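> What follows is each chain in one-letter form.
Number of protein chains: 2
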Amino acid sequence: MSKRKGTNAERELIKKFWENSWAAIRSAGSGKTRHPNPDILAANAKAVYAIECKSSSKREVRIERSQIDDLVSFSSVFRADPVVAVRFNHTPWFFLAPDILERVPSGNVKIRFEHAKENGLGFDEFFRKA
Amino acid sequence: MSKRKGTNAERELIKKFWENSWAAIRSAGSGKTRHPNPDILAANAKAVYAIECKSSSKREVRIERSQIDDLVSFSSVFRADPVVAVRFNHTPWFFLAPDILERVPSGNVKIRFEHAKENGLGFDEFFRKA
Chain A
417 MSKRKGTNAE RELIKKFWEN SWAAIRSAGS GKTRHPNPDI LAANAKAVYA
467 IECKSSSKRE VRIERSQIDD LVSFSSVFRA DPVVAVRFNH TPWFFLAPDI
517 LERVPSGNVK IRFEHAKENG LGFDEFFRKA
Chain B
417 MSKRKGTNAE RELIKKFWEN SWAAIRSAGS GKTRHPNPDI LAANAKAVYA
467 IECKSSSKRE VRIERSQIDD LVSFSSVFRA DPVVAVRFNH TPWFFLAPDI
517 LERVPSGNVK IRFEHAKENG LGFDEFFRKA
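Protein sequence lines correspond, in order, to chains A and B.
For the first sequence, counting from 1, position 129 maps to 545 in our numbering; every step adds exactly one.
For the second sequence, counting from 1, position 88 maps to 504 in our numbering; every step adds exactly one.
In case anyone wonders, no lab produced these hints; they're calculated from the structure.
Among the clues, some could well be false.
The following label-pair restraints were derived from C-beta to C-beta distances [what the hints assert, rightly or not]: (1) A:518 <-> B:506: 50 to 56 Å; (2) B:445 <-> A:450: 17 to 23 Å; (3) A:419 <-> B:420: 19 to 25 Å; (4) B:450 <-> A:506: 38 to 44 Å; (5) A:474 <-> B:445: 26 to 32 Å.
Straight line, CA to CA, 27 Å or less: simulated DSS-like cross-link-like pairs of lysine-lysine [unchecked claim]: (6) A:470 <-> A:526; (7) B:419 <-> A:421; (8) B:419 <-> B:533; (9) B:419 <-> A:431; (10) A:419 <-> A:526; (11) A:431 <-> A:419; (12) B:432 <-> B:526; (13) A:462 <-> B:533; (14) A:419 <-> B:462; (15) A:431 <-> A:533; (16) A:526 <-> A:421; (17) A:431 <-> A:470; (18) B:533 <-> A:419; (19) A:419 <-> B:526.
Note that the coordinates shown come from a computational prediction; the quantities given were computed from them, not determined experimentally.
Every residue, glycine too, gets a C-beta built ideally from N, C-alpha and C.
Model the full assembly from the supplied sequences, consistent with the hints where possible.
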């Protein structure tokens, strides 16, 4: 996926947070700094989330183990809840906590559309419960 | 001040947070989005701060009233404490809460070096107390 498409997907998600009375920002230089850096931070009176976003035109997305490790370690210091947001072509966003992600033997994460649909939650389910 | 210099100042501050056991990120597209957007978000187990950064080679910096309003409204939704970080040439950072900033008649903010030095707190004073 191009960087621009990734950015657009993140912006779309940011908009959704604001529409639902959350404050959210995109982080600058995600993946380019020495410190762990989630794609999005969102919070309201009830919760704080650090979010790694992935969108794909295929039926699965891969995420490096180190990216998940960074998301979890950032969240631990910032006191946020880590979550992975994934969207496939023409599907809504699915939200998955790191501990329910499928791993390949190397430890990297593979999110299949079917797995996301079955185990992930939609925006309303995930963030209204928060 | 050039955009690059501003970015470098923000990066320097981010580094300082991590060195002091805070998690911090720079926000992307500060000032370019429709939603309020602080320059930096920093948090640890004790507090969450939304930070507007200004650095200047002069003896004073100006901040538009709307930027302060955005900082405060963002902080209100995100449940962060708003703070302005300011640094002049060859001085350390000073941290000032929005309510102690000096206003010019238009409502815009003017931070003079002398005012920052007298009323602002250094990193350790401001964030160790947090």
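> List in ascending order the numbers of the hints, as given earlier, that are violated by the structure.
4, 13, 14, 18 and 19
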